[in-house]
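Chain A is already provided as a structure; the job is to place chains B and C on it using the hints.
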Amino acid sequence: MSTIRIDNVRKSFGGFEVVHGVSLDIADGEFVILVGPSGCGKSTLLRMIAGLESISSGNVVVDDLVINRLPPRERDIAMVFQSYALYPHMTVRRNMAFSLKLAGAPKGDIDRQVQAAAEILDLVSLLERKPAQLSGGQRQRVAMGRAIVRNPKLFLFDEPLSNLDAKLRVQMRSEIKELHQRLRTTTVYVTHDQVEAMTMADRIVVMNAGRIEQAGTPMDLYEKPASLFVAAFIGSPSMNLIHGRIEDSAFLSDAGARIPLAANAPVTSDPVVLGVRPESLHVGGVGPAFGECRLRVVEPMGSETLLAATLLSGGDGAHGGGENIMILSRVKERYAADTTVRVGADPGEFHFFDATSGRRLE
Amino acid sequence: MTILRRTALAVVLGSTAAIAAGSATAQDAVEFWTMTYGDQLNWKGEVEALIDGFTEETGIEVRHEIVPWGSAFQTYLTVSQGGAAPDCADMYWLHSFSAIGGDQHGPMPLNEYRDEYFPTLEEDFYAGALQDVLWQDDFYGIPWRGDIRAFIYRTDFAEEAGIDGPPQTWDEIVEDAKALTVRDENGNVERWGFAYGTATNVVSWLLPYYWQAGGTMMTDDGQTATIDNEAMRTALTFMRDLMWEHQVVNPDSLEAGYDPQPLFVNGQLAMVGSAEQAWGVELDRDYPQLEGQWAMATSPAGPENSDSFSGAGYFGVLRGSDHVEECVQLIEYMSRDENMLRLAQAAGTVSTKPEVMASEFWSDRPWKIVVGEALQDAHTSQHPAPAWSAIATPEPGGILYDLMYDVIVLQEDMDASIAEAQERMQAELDRS
Amino acid sequence: MNEKNIFCYLMVAPALLVTALLGIYPMLASMVMSFQSYDLLAGQRDTIEWVGFENYRTILADDRFLQTISQTVIFTILAVGIVVSMGLFLAQVVNAKFRGRAVVRTLIFSPWFVPPVVASAIWMWLLQTERSPINAVLRDLGWTSGNIRFLTDPETWGPFSIPMMSVVAVRVWNGLPFVIIFLLAGLQSIPKSLYEAADMDGAGILQKFRHVTLPMLRPVLMVLLALLFMNGFGHFEMNYIMTQGGPRNLTNVLAVWSYQEGFAFFRFDNAAAASGIILAMTSVICAIYLRLQYKDDLR
Numbered sequence: 003m004s005t006i007r008i009d010n011v012r013k014s015f016g017g018f019e020v021v022h023g024v025s026l027d028i029a030d031g032e033f034v035i036l037v038g039p040s041g042c043g044k045s046t047l048l049r050m051i052a053g054l055e056s057i058s059s060g061n062v063v064v065d066d067l068v069i070n071r072l073p074p075r076e077r078d079i080a081m082v083f084q085s086y087a088l089y090p091h092m093t094v095r096r097n098m099a100f101s102l103k104l105a106g107a108p109k110g111d112i113d114r115q116v117q118a119a120a121e122i123l124d125l126v127s128l129l130e131r132k133p134a135q136l137s138g139g140q141r142q143r144v145a146m147g148r149a150i151v152r153n154p155k156l157f158l159f160d161e162p163l164s165n166l167d168a169k170l171r172v173q174m175r176s177e178i179k180e181l182h183q184r185l186r187t188t189t190v191y192v193t194h195d196q197v198e199a200m201t202m203a204d205r206i207v208v209m210n211a212g213r214i215e216q217a218g219t220p221m222d223l224y225e226k227p228a229s230l231f232v233a234a235f236i237g238s239p240s241m242n243l244i245h246g247r248i249e250d251s252a253f254l255s256d257a258g259a260r261i262p263l264a265a266n267a268p269v270t271s272d273p274v275v276l277g278v279r280p281e282s283l284h285v286g287g288v289g290p291a292f293g294e295c296r297l298r299v300v301e302p303m304g305s306e307t308l309l310a311a312t313l314l315s316g317g318d319g320a321h322g323g324g325e326n327i328m329i330l331s332r333v334k335e336r337y338a339a340d341t342t343v344r345v346g347a348d349p350g351e352f353h354f355f356d357a358t359s360g361r362r363l364e
Numbered sequence: 003m004t005i006l007r008r009t010a011l012a013v014v015l016g017s018t019a020a021i022a023a024g025s026a027t028a029q030d031a032v033e034f035w036t037m038t039y040g041d042q043l044n045w046k047g048e049v050e051a052l053i054d055g056f057t058e059e060t061g062i063e064v065r066h067e068i069v070p071w072g073s074a075f076q077t078y079l080t081v082s083q084g085g086a087a088p089d090c091a092d093m094y095w096l097h098s099f100s101a102i103g104g105d106q107h108g109p110m111p112l113n114e115y116r117d118e119y120f121p122t123l124e125e126d127f128y129a130g131a132l133q134d135v136l137w138q139d140d141f142y143g144i145p146w147r148g149d150i151r152a153f154i155y156r157t158d159f160a161e162e163a164g165i166d167g168p169p170q171t172w173d174e175i176v177e178d179a180k181a182l183t184v185r186d187e188n189g190n191v192e193r194w195g196f197a198y199g200t201a202t203n204v205v206s207w208l209l210p211y212y213w214q215a216g217g218t219m220m221t222d223d224g225q226t227a228t229i230d231n232e233a234m235r236t237a238l239t240f241m242r243d244l245m246w247e248h249q250v251v252n253p254d255s256l257e258a259g260y261d262p263q264p265l266f267v268n269g270q271l272a273m274v275g276s277a278e279q280a281w282g283v284e285l286d287r288d289y290p291q292l293e294g295q296w297a298m299a300t301s302p303a304g305p306e307n308s309d310s311f312s313g314a315g316y317f318g319v320l321r322g323s324d325h326v327e328e329c330v331q332l333i334e335y336m337s338r339d340e341n342m343l344r345l346a347q348a349a350g351t352v353s354t355k356p357e358v359m360a361s362e363f364w365s366d367r368p369w370k371i372v373v374g375e376a377l378q379d380a381h382t383s384q385h386p387a388p389a390w391s392a393i394a395t396p397e398p399g400g401i402l403y404d405l406m407y408d409v410i411v412l413q414e415d416m417d418a419s420i421a422e423a424q425e426r427m428q429a430e431l432d433r434s
Numbered sequence: 531m532n533e534k535n536i537f538c539y540l541m542v543a544p545a546l547l548v549t550a551l552l553g554i555y556p557m558l559a560s561m562v563m564s565f566q567s568y569d570l571l572a573g574q575r576d577t578i579e580w581v582g583f584e585n586y587r588t589i590l591a592d593d594r595f596l597q598t599i600s601q602t603v604i605f606t607i608l609a610v611g612i613v614v615s616m617g618l619f620l621a622q623v624v625n626a627k628f629r630g631r632a633v634v635r636t637l638i639f640s641p642w643f644v645p646p647v648v649a650s651a652i653w654m655w656l657l658q659t660e661r662s663p664i665n666a667v668l669r670d671l672g673w674t675s676g677n678i679r680f681l682t683d684p685e686t687w688g689p690f691s692i693p694m695m696s697v698v699a700v701r702v703w704n705g706l707p708f709v710i711i712f713l714l715a716g717l718q719s720i721p722k723s724l725y726e727a728a729d730m731d732g733a734g735i736l737q738k739f740r741h742v743t744l745p746m747l748r749p750v751l752m753v754l755l756a757l758l759f760m761n762g763f764g765h766f767e768m769n770y771i772m773t774q775g776g777p778r779n780l781t782n783v784l785a786v787w788s789y790q791e792g793f794a795f796f797r798f799d800n801a802a803a804a805s806g807i808i809l810a811m812t813s814v815i816c817a818i819y820l821r822l823q824y825k826d827d828l829r
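Protein chains in written order, with the numbering used here: chain A, 3 to 364; chain B, 3 to 434; chain C, 531 to 829.
Calculated directly from the structure, the hints in this document are not laboratory data.
Please read all numbers here as calculations on a predicted model, not as lab measurements.
Please note that a few of the clues may not be correct.
Under the rule of at most 25 angstroms between Cα atoms (straight-line distance), these lysine-lysine pairs were calculated in the DSS-like manner [said to hold, decoys possible]:
#, chain 1, residue 1, chain 2, residue 2
1, A, 132, C, 722
2, C, 738, C, 627
3, A, 109, A, 155
4, C, 738, A, 109
5, A, 103, A, 132
6, A, 155, C, 738
7, A, 155, A, 103
8, A, 103, C, 738
9, A, 132, C, 825
10, A, 132, C, 738
11, C, 627, C, 722
12, A, 169, A, 179
13, A, 109, A, 132
14, C, 722, A, 103
Chain A on its own, in the form it takes in the complex:
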């Protein structure tokens, strides 16, 4: 059993506060990912859980035990570092066995546990090598092996895949996910890559400037982003955001385009931002009208095509536009730049945000 409760935790460096009163509950066995841009405080929060940074105020509670003052080794937590931090002068075996040896475990136990972890991670043939003789991916796995061997209550990952190339990253993502399904240890994982977050997490915590913007399942965040920040952050390519107002069941963009809305659209006279994902826009005649667009750049990606377009006029006919939008088409058609096309979208897939506060409007 290892539940974590982060209770109004703050962190200041000198007089400068970087984490502002963050609270979060993590259930036993959950795979939680902290995601956000550089400097949002996610790594700091992770390190506070690990015990590598002190907690300025607030509590971190693991299984009803407040661990603020405990040194790292007494927290029964294992961490995988971005740079792997393998001991360069020790073999893979000794790297993995190190913590057990320090704890004074009998040699037989150590060997058994190291062997088990090595089998899980496919490291058996590499046990006698030194880190310098391993590839990036192999080192990654050794770092994970070192963490697994300890059988801790909690795994912490600090951007472990950042140093790998794209292909390897994809492979390792699924390996980590598989590992978690197998071991079911509570995991907190930090990354700046939202694709990693979406694919691996049970729950995602989006952080920005030291605060939690939204915490929820990947689909929650995708379908119901709570703020402009989350909306723009989650989903790749990012959501199209158009500034304007709502008038008579239609959206009037600042540039003059008029787009018809559904009946349940929010009613407000304040400036709003309309959000629509590129994959919600369809080229051609399908669905209600969104507007006329001129295609500028066509990026075929094989299974999909990314189109950069300019909105010439809203579906309601009035001319306006000039806004740049992205369209993600899954239809196997060849598009040509500099052509004008009709674009449709289901108004039920529109998102609205208050232009000033950024908060979602229902």
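Structure of chains B and C alone, referenced to chain A:
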């Protein structure tokens, strides 16, 4: 190509200019080197004033260079081995450097000039001082400075202890030293009654006692060592007993770094047996507050005599010089009474001519008068063997140093130690 | 050879020349001398002749010389061992962040600005039995009743003696800053994440030192030890100035012995032979170092 050409040109021009400049100064001036005595600037000024007088009189140009004491030995060693040499210089250890230099380098005999320029040598100079310029019947120059060592003691402590006047014999030394040694309640010595000598050269402390016991270090021809005798036993026993039996001498005094002057000034040392006359100059100059609390005296008498240690430096000519005649003229000029007095005053050293020592300058302080008297009993420390400086070197491993250390400090078997020293010394004499 | 090459050679030439003239030539000449009979006092009379290893045999038969060799080794091992241990500790102190760090750093580095000769003179005064302030303080504190004869006490415990300890202490004092700087550079190149990983693995301070710091410092330590040993075997100033090799030969080291042999006794052939032995000893260190380097490269 231009960079290369320009660089090469610069190098060539530069070095040519340097060589030209160098050789321009290597004119017909006589090269004359001396060490420094007392305040360096003052000394240089005095020497150059004397040289100016010489040039005025004879028209001969002389160039004076200072050789620092720290490198003096190395310098003359190099000279004696063929290194760059001056025409004439202020030198010492004639015997050693002559032997090293042989016929090629080093000090040059001036026999043919002796009668013409220095007809009255024996009358004008102290016999002891002349020993330092004569070697194997050859005459090498003029001794100009002496280093005579007398007895020095704290008159205030002596008065306190009820002692009137300095000790006159070895027995009195023992008696007085015991009265003057003071210990605290833990037995730590606060004041030592006696120290053998002031010089840093430890071996120079043994010589006076040995001589006073009637001994000589070697035969006159410098071939045979003569230290295995009664006199040596007497001297060593005296010194050893002072340290361990009467316990008036610091057992550490033979170690490196032993410096008696601050101890004497601070009242931690009462008497010194063989005191350099430079102490008189230094105490007058640096510790005027001690005026009246110390005095020098002639050496107390040993069983046979009261010989005092004396050393000398001399002006001589170097082999290979093209200006021998001019050098001899310079030396003759320097050896005149008034010039010798001037040198002695500037250097603070004792002069080698009785005439000079009788002057006003050498009688205006009580200790100077004592020094003058001590010159009567001077026994030169030079010995007619080139190996002498090696034998007498005051470093562990030196023959006489080891002898002193083994017998006096370690209290080893005296007969065995003396016999060994005699053997080693003879081997050294045989080397040359 | 094009112009650029010639220019480069010209620029390097002066330094090479100086090294060759002042370093290599004297060394070679000295080695040659060690195989000749070169007695200055007999030099004019006898010709200088080749005697092969005779000089080496002569000095190796001298008990005092053998004692000097063993003392040189003991001195060096002691001095190097102490200075590196203290250096490792102090380097961490200097590296850490705490208030007053600048003051502590200045204090630690100040001995570096003192040339060995000056250091010897200062310490000679501080350690002079009767006038030593250290003795005075010790007596005031009541810890000792007599004076400690730092430089002159002839008592020995095995190969050790108080004068030896005193000279070693001064050598350590003078050399500590250099060692600290070296080790500091090494320490600062150790990635912080290694220490954090060790923290997570449950390592305490000593264990972190043993399993992270020391292994990561290995290359720096190897260079440092090689340098210190080679310098240590040839060390001259402090032993000569402070004690001249005494008392009773207890602080004599090869360089001092060699100097005395040459310049006090005029036996340059023996002095050169002693220097030859120093050369042999430092070559051994060099060879060991190179071998370890080679093995490291293979790894």
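Inset, instruction - Please name the hints from earlier in the document that this structure breaks, with their numbers sorted from lowest to highest. - result: none
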